[in-house]
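K.L.:
This is what each chain is made of:
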Amino acid sequence: MSLTQSTACHRPSELLDTLKRLGFGAAVAVPDGWLGGILERIEQEPAMRLIRATHEEEALAIACGLRLGGVRTVLIVQNAGLLSSGAGMVCLAQRYQFPLLILVSYRGTPDDPVFYHVPKGRVTEPVLRGLGLAYACAERSRPIGSQVEAAATYAEEASSPFALLLSREDIQW
Amino acid sequence: MVSEARPSRADYYRVLADALPAQALVVTALGNASYLWAVMHHAPENFYVEDAMGLTLPLALGLAVAQPARRVVVVEGDGATLMHMGALVTVGAVAPRNLTVLLIQNGVHAASGGQVLTNPELDLAALARSAGIGRASNVAAPEAFAAALKPAFMADGPEVFVLSTAPDIDVVRPPIAFDPVLTKNRFMTAIGAPRYVPTLFGGGRLEAE
Numbered sequence: 001m002s003l004t005q006s007t008a009c010h011r012p013s014e015l016l017d018t019l020k021r022l023g024f025g026a027a028v029a030v031p032d033g034w035l036g037g038i039l040e041r042i043e044q045e046p047a048m049r050l051i052r053a054t055h056e057e058e059a060l061a062i063a064c065g066l067r068l069g070g071v072r073t074v075l076i077v078q079n080a081g082l083l084s085s086g087a088g089m090v091c092l093a094q095r096y097q098f099p100l101l102i103l104v105s106y107r108g109t110p111d112d113p114v115f116y117h118v119p120k121g122r123v124t125e126p127v128l129r130g131l132g133l134a135y136a137c138a139e140r141s142r143p144i145g146s147q148v149e150a151a152a153t154y155a156e157e158a159s160s161p162f163a164l165l166l167s168r169e170d171i172q173w
Numbered sequence: 001m002v003s004e005a006r007p008s009r010a011d012y013y014r015v016l017a018d019a020l021p022a023q024a025l026v027v028t029a030l031g032n033a034s035y036l037w038a039v040m041h042h043a044p045e046n047f048y049v050e051d052a053m054g055l056t057l058p059l060a061l062g063l064a065v066a067q068p069a070r071r072v073v074v075v076e077g078d079g080a081t082l083m084h085m086g087a088l089v090t091v092g093a094v095a096p097r098n099l100t101v102l103l104i105q106n107g108v109h110a111a112s113g114g115q116v117l118t119n120p121e122l123d124l125a126a127l128a129r130s131a132g133i134g135r136a137s138n139v140a141a142p143e144a145f146a147a148a149l150k151p152a153f154m155a156d157g158p159e160v161f162v163l164s165t166a167p168d169i170d171v172v173r174p175p176i177a178f179d180p181v182l183t184k185n186r187f188m189t190a191i192g193a194p195r196y197v198p199t200l201f202g203g204g205r206l207e208a209e
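Each protein sequence line maps, in turn, to chains A and B.
With our numbering, letter number 155 in the first sequence gets 155, and the count goes up by one each step, no holes.
With our numbering, letter number 159 in the second sequence gets 159, and the count goes up by one each step, no holes.
Warning: the hint list may mix true and false statements.
Under 10 Å between C-beta atoms, here's a sample of chain A residues computed to sit facing chain B [what the hints assert, rightly or not]:
no.	residue
1	Thr18
2	Leu22
3	Ala53
4	His55
5	Ile62
6	Ala63
7	Leu68
8	Glu156
In silico lysine to any residue, SDA-like type, Cα no more than 25 Å apart, as pairs [claimed, not checked]:
no.	chain 1	residue 1	chain 2	residue 2
9	A	Lys20	B	His42
10	A	Lys20	B	Val94
11	A	Lys20	B	Arg195
12	A	Lys20	B	Gly202
13	A	Lys20	B	Gly114
What the hints contain is simulated information worked out from the structure, not anything from laboratory work.
We put the beta carbon where it would ideally sit given N, CA and C, even for glycine.
Generate coordinates for the entire structure from the input sequences, incorporating the hints supplied.
P.N.:
Here it is in structure tokens:
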């Protein structure tokens with residue numbers, strides 16, 4: 001199997017390759033069970049800088065600072081982190097119109113019915129709509145790379161954060 | 001540490017303005033931290049954060065990583081530091097050599113009317129050192145700040161100065177419009193940050209001017 005074929009079959013690899021191709025120079029993250037593996041890969045990428053934050057709202061602000069300094073930056077968090085970042089999302093990222101790609105492990109959906117994730121999954125999209133945060137759910141029937149590129153492009157062309165909600169197959173290495 | 005007779009924010013800002021290196025970037029927190037700095041030293045290389053309490057320090061951390069060739073100075077409040085104390089840990093872990101942190105310790109939430117902090121006398125310098133920031137000190141006088149700041153700008157950071165300051169509750173009127181998008185775009189233009197070229201024009205990437 002060629003490298004290209006292997007990457008096409010492995011959605012997290014395709015996702016990371018897309019970030020590299022688009023020139024993302026930094027990722028700011030708070031991990032969860034699905035995110036640990038890809039964060040380790042990002043840490044090994046010579047053209048990317050990974051910053052591990054202590055809290056998702058703090059991570060959001062670090063990402064805004066990186067983008068302010070001219071570095072294309074992706075925020076990688078669990079949906080719980082979006083729920084706990086509302087003030088920063090509204091007062092900083094949206095008010096100052098920072099273009100940020102946010103990749104989200106979407107926990108607690110019907111495909112991830114873990115009892116303690118379910119309450120978060122149930123409210124995530126209503127909260128995002130309430131915040132006025134543009135978002136999309138990744139579609140498993142389509143390649144993930146083109147969906148990441150569309151989300152990143154939206155963030156830049158709209159000068160706003162954009163959240164792409166991901167399933168386990170998309171992001172867990 | 002909060003001392004008995006405390007200097008004003010302006011006393012410290014005069015020292016900062018005198019010592020600021022060329023090409024330095026200054027990020028200021030909400031309220032008078034930004035308004036007064038705009039009065040005393042407005043420049044395109046200032047990034048004024050309004051509201052977003054507790055997020056000025058982490059934003060400045062990201063900026064310092066993105067602009068390693070420039071000195072980044074951040075002015076944050078003690079209340080905001082308590083709100084997002086984890087940011088000190090991240091600063092300690094990332095350890096950007098070009099970051100200088102000024103923590104205004106006035107013991108109150110000055111921007112919201114002067115309500116006392118949960119712990120107004122916390123040793124923030126000790127806290128910063130515990131968070132992994134190698135150099136952090138409490139400062140109680142502008143003269144001491146002046147003696148320490150210029151050498152700090154010549155040395156590798158990160159370094160934290162905790163400035164014991166009298167509360168300034170009255171809102172200072174800034175001399176410029178505090179439009180957030182204008183602030184951001186003026187800043188990014190001043191530092192020559194790469195700009196995004198839309199896909200319509202064959203872009204889709206950040207490109208240097």
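K.L.:
Please list, smallest to largest, the hint numbers that this structure does not respect.
P.N.:
Those not satisfied are hints 1, 9 and 13.
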